[in-house]
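Q: These are the residues of each chain, in order.
There are 2 protein chains.
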Amino acid sequence: MSNNAALLARRERLLGKNVSTFYNDPVHLVKGEGVWVWDADGRRYLDCYNNVPHVGHCHPRVVEAIARQAATLNTHTRYLHEGILDYVERLTATFDDSLDTAILTCTGSEANDVALRMAQAVTGKTGVIATNFTYHGNTAAVSQLSIRMPPVGGYGGHVRHVPAPDGYRPLGGEGGEAFTRAWTEALNEAIEDLKKSPFGFSALIVCPYFANEGFPQLPPGFLVSAAEAVRKAGGLLICDEVQPGFGRTGSHFWGHQYAGITPDIVTMGKPMGNGHPIGGVVASTDTLNAFRKAFRYFNTFGGNPVSCAAASAVLDVLEDEKLMENARVVGEYARAGLSKLGEKHDLIGNVRGSGLFFGAELVLDRTTKEPASDIATRVINAMRERGVLMGKLGVKQNATKIRPPMPFSKDNADLMLSVLDDVLAGL
Amino acid sequence: MSNNAALLARRERLLGKNVSTFYNDPVHLVKGEGVWVWDADGRRYLDCYNNVPHVGHCHPRVVEAIARQAATLNTHTRYLHEGILDYVERLTATFDDSLDTAILTCTGSEANDVALRMAQAVTGKTGVIATNFTYHGNTAAVSQLSIRMPPVGGYGGHVRHVPAPDGYRPLGGEGGEAFTRAWTEALNEAIEDLKKSPFGFSALIVCPYFANEGFPQLPPGFLVSAAEAVRKAGGLLICDEVQPGFGRTGSHFWGHQYAGITPDIVTMGKPMGNGHPIGGVVASTDTLNAFRKAFRYFNTFGGNPVSCAAASAVLDVLEDEKLMENARVVGEYARAGLSKLGEKHDLIGNVRGSGLFFGAELVLDRTTKEPASDIATRVINAMRERGVLMGKLGVKQNATKIRPPMPFSKDNADLMLSVLDDVLAGL
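These protein sequence lines map, in sequence, to chains A and B. Read in order, the letters of the first sequence are residues 2 to 428 in my numbering. Read in order, the letters of the second sequence are residues 2 to 428 in my numbering.
Please keep in mind that the hints were generated in silico from the structure rather than gathered at the bench. No incorrect hints appear here.
In silico BS3-like links for lysine-lysine, alpha-carbon gap of 30 Å or less:
no.	chain 1	residue 1	chain 2	residue 2
1	B	Lys393	A	Lys294
2	B	Lys18	A	Lys294
3	B	Lys233	A	Lys18
4	B	Lys294	A	Lys393
5	A	Lys341	A	Lys393
6	B	Lys18	A	Lys233
7	A	Lys18	B	Lys294
8	A	Lys197	A	Lys233
9	B	Lys294	B	Lys197
Remember, it's a predicted structure, so these values are computed and weren't measured experimentally.
Could you put the whole structure together from the sequences, leaning on the hints where they help?
A: If you want it as structure tokens, here you go:
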């Protein structure tokens with residue numbers, strides 16, 4: 002602890018104030034392997050949180066690919082190199098045929114920053130719609146989509162928000178088709194409002210899994226109506242796959258496939274290089290070329306041979322270790338376990354998710370569904386004390402966020418569940 | 002060639018149109034080492050262009066640092082880690098005492114995107130001034146600074162441009178103090194114009210070496226007057242060190258030190274991790290905390306342990322191999338050689354630069370100084386044919402851009418000069 006205090010003081014001096022640390026007692030990590038991480042005192046933690054080390058912390062095949070390519074050549078895309086071509090060919094093969102070209106960036110934020118301009122290039126308009134509890138990244142342009150912190154100089158006026166969908170408390174009070182209709186109506190209102198503005202309607206950008214919104218359980222075809230509304234209005238649909246992509250949902254390689262839609266533009270980041278900084282934008286040839294014609298774009302590090310080697314190794318491991326299938330099987334098992342805990346603990350109001358992105362919404366009362374946000378904070382801190390790392394999220398910040406590296410096993414799930422059982426019992 | 006044609010077709014199919022390749026006959030690189038790169042046919046090229054592999058292509062110490070840390074732990078800054086603290090401590094030690102904290106990003110573009118918001122947070126204003134031939138990166142916000150391509154929806158109205166300084170053709174026709182006064186006056190006009198606008202004056206952002214503007218030879222203290230004007234107007238001075246930083250000018254570790262000024266915010270990128278994607282923003286504690294208070298900011302990959310290990314290894318090599326000193330000595334030697342070539346070739350109008358960022362401005366006539374832009378294109382293509390990679394830049398696109406990896410030796414300079422002599426003779 003006193004060691005941590007000194008580290009925290011040094012951190013504030015060198016990195017500034019308000020740098021988040023997740024837990025009341027921050028974790029000082031020094032080592033990672035698979036689904037495990039170790040702190041400076043040699044204590045081991047089960048990682049139920051980190052999706053960036055997608056195929057497992059320090060996966061030897063990814064490390065080896067990075068080391069080999071870094072020792073061979075690392076330069077930019079103004080020279081020809083087969084690494085980026087092989088990777089983009091492989092990546093786009095996982096999509097609908099209409100999504101066949103890519104721009105590689107270094108982060109998901111850069112990818113979304115490009116995606117917004119792609120939609121501008123195609124439509125000639127600048128108005129964007131997002132949900133009111135979204136997060137699409139940290140660039141100046143992309144942070145305008147978030148309502149959490151008004152920028153200096155004010156919002157640009159070109160953003161409209163639709164309510165974050167909440168399947169547990171559906172808009173209009175009804176689930177199923179009524180909910181879908183109500184939400185699509187809210188979207189159409191936002192579209193009409195933008196059309197009347199000087200900005201016009203350019204795009205709807207959503208995480209097709211609504212991850213930050215709390216990964217709500219939605220009626221089948223929920224986004225199909227939204228996609229139709231967007232197309233009818235001449236706009237583009239951007240799916241941010243930073244969280245659900247690369248097989249995490251267990252059933253589909255991409256979140257938009259899970260949602261049953263085909264977007265115009267897809268963005269990705271976090272898990273793509275297992276921690277190596279790489280992101281990307283996938284679109285149709287026409288959409289991408291419209292962007293390349295309307296904007297100059299060059300990204301020095303984007304698509305460099307080392308980044309492409311890391312990203313290719315991630316695809317290799319996903320395939321060879323059948324990690325999407327693992328996500329499906331273990332996710333189902335763990336959700337069943339969580340539901341079972343719900344029989345003992347009234348706090349568990351709603352268990353949901355897909356594959357290895359799931360959790361429970363904690364409520365003070367199952368009838369009123371009053372969010373147990375403070376208790377959620379206590380739960381994740383208590384889990385950390387007992388050696389299990391997880392987070393919380395959602396509009397009410399009362400859902401546990403369980404999103405481990407993809408090699409997460411049934412044994413790992415059992416450990417997580419038994420510690421959670423303990424923690425809930427001890428509240 | 003036919004191999005290249007197939008690669009180019011595949012590239013256009015997968016990456017889209019208008020992806021620049023530098024040369025008429027693009028280079029297909031497969032290997033790099035020190036100041037050398039090799040193409041797919043095994044042909045070796047002297048690299049006189051790339052500043053990203055700052056301490057040399059595939060430097061074994063950087064590769065080893067990346068491989069070791071990637072195999073140990075790679076995660077984000079919400080957990081405590083000493084790697085980022087050790088690096089930021091070391092990095093900020095190279096600056097004036099007032100510049101003592103940092104935010105790490107993945108690219109120079111992200112760094113400038115943050116820097117603009119830092120200035121907004123401090124001043125409460127959003128108006129920015131840049132030169133009319135600058136490039137500060139590829140995000141939507143930062144590309145608004147460039148006049149090369151008007152964005153869809155138009156410029157935000159918050160940007161003013163001052164003329165790119167040209168020491169060879171000084172503003173008002175006179176060099177020395179008159180030039181400095183004329184340029185500072187143009188800056189003051191832009192400041193006043195912004196102050197009268199709804200945006201107010203937030204910051205001047207410049208590369209202190211004016212790299213993209215053609216690294217002009219400027220009167221001593223040129224930017225000192227500019228810095229004073231900015232401070233007097235309540236604005237912040239942002240220095241973009243993506244190109245001159247990390248000892249490249251030979252005489253100083255940072256371009257702003259070379260220019261004799263202390264900025265409020267410093268941004269960096271390209272050479273920082275020798276090709277590994279890392280960038281950063283250095284500022285005073287107060288400036289950084291103002292940003293952290295006004296904006297939410299978290300960068301998933303920024304400051305991760307692997308990036309910090311790569312960046313630390315770059316500092317190690319710079320120190321141990323005395324590369325800044327090498328840049329000074331070899332740069333001086335090479336410029337003398339270029340000047341000597343000027344005695345034979347009338348095309349060489351002006352030799353300038355510092356350390357290992359230098360070149361010659363090619364002119365059709367030394368009296369009228371008419372830019373030989375097309376010839377410059379022919380020259381760099383002919384150099385490439387003869388195994389020497391360099392570029393061109395500047396307002397008139399007629400200056401050779403010689404900016405090799407820092408271990409560039411006198412022998413390397415001799416080779417470059419003799420090939421250039423040949424090429425110029427053969428025009």
